[in-house]
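Visitor: From first to last, the protein sequence lines are chains A and B. Each residue of the first sequence is one higher than the one before, counting from 18 in the numbering used here. Each residue of the second sequence is one higher than the one before, counting from 18 in the numbering used here.
Source of the hints: derived by calculation from the structure; they are not laboratory data. It cannot be assumed that every hint is accurate.
Given that identical chains are not distinguished, each listed pair holds provided it fits within a single copy or across any two copies.
[Said to hold, decoys possible] With a straight-line cut-off of 16 angstroms between C-alpha atoms, the simulated EDC-like cross-links for lysine to aspartate or glutamate are:
(1) 28 - 85
(2) 28 - 60
(3) 57 - 85
(4) 57 - 33
(5) 57 - 90
(6) 28 - 69
(7) 28 - 73
(8) 28 - 91
Protein chains: 2
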Amino acid sequence: MPAFRIVIMLKPGVLDAAGQAVQQGLDALGYDVQSVRVGKVIEINASGATPEAVDDMCARFLANPLIETWRIEEPAGATGGGA
Amino acid sequence: MPAFRIVIMLKPGVLDAAGQAVQQGLDALGYDVQSVRVGKVIEINASGATPEAVDDMCARFLANPLIETWRIEEPAGATGGGA
Chain A
18 MPAFRIVIML KPGVLDAAGQ AVQQGLDALG YDVQSVRVGK VIEINASGAT PEAVDDMCAR
78 FLANPLIETW RIEEPAGATG GGA
Chain B
18 MPAFRIVIML KPGVLDAAGQ AVQQGLDALG YDVQSVRVGK VIEINASGAT PEAVDDMCAR
78 FLANPLIETW RIEEPAGATG GGA
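Just chain A, with the same shape it has in the complex (with noise of 0.2 angstroms):
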C-alpha cells in the first residue's frame, strides 16, 4: 500500500504566528533559537494513489496553494522519540 508524507509550511514571507509563538517559548527556557517554523504533516496510506495524485490532494484540499508549498516524501520508517 502506498504511504506519502506530505509537509506543509508556509511559504517564505508569509507569517507564521506559531513559529513565532513558539520561539519565544523557546527563549523563555533558556534555549538560543535564531528561527522556528511551524508545519503540518500529512501521512496517508492510499491503494494505488501515485505522487502525481497526492500532488493533486494537495493542491485540492490539503494545501493553500496561495501561502502554502508542500513537499511530497516517503515516510520514515518507525516513530523515534517520545516517552
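With chain A fixed as given, assemble chain B onto it according to the hints.
Guide: For chain B alone, kept in the frame of chain A given last:
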C-alpha cells in the same frame, strides 16, 4: 548554523480527529484513502544546538510525551510543490 526538522505525530492508538476529518474530506472528493494521520513539523535554526538539545526541547516544550512521539531529522533542501 545547525538546522533541525522535528516531526511530531500522535502515538498510534491515540484518536487523531484531524486525520479523520482529512480522510473524510478526501473521501468526499473521490480519493480512495485508507488512513490519514496529521501531525506537526517544526523547523528550527539554532546555533550550537545538538540533536540532544533539540530532543530536550521536544520533551520539555514542543511535544506532549504522553500522547505524542517525535523524530528529529535534517530538514530537506528547497521546498517543492506549491504554486
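Visitor: None of the hints should be skipped; say for each whether it holds.
Guide: Against the structure, the hints come out as follows:
no. : hint    : result
1   : 28 - 85 : within (5 angstroms within a copy, 26 angstroms between copies)
2   : 28 - 60 : between (20 angstroms within a copy, 13 angstroms between copies)
3   : 57 - 85 : both (10 angstroms within a copy, 15 angstroms between copies)
4   : 57 - 33 : both (12 angstroms within a copy, 14 angstroms between copies)
5   : 57 - 90 : both (13 angstroms within a copy, 15 angstroms between copies)
6   : 28 - 69 : neither (21 angstroms within a copy, 28 angstroms between copies)
7   : 28 - 73 : neither (18 angstroms within a copy, 28 angstroms between copies)
8   : 28 - 91 : neither (22 angstroms within a copy, 19 angstroms between copies)
Violated hints, in rising order: 6, 7 and 8; the structure is consistent with all others.
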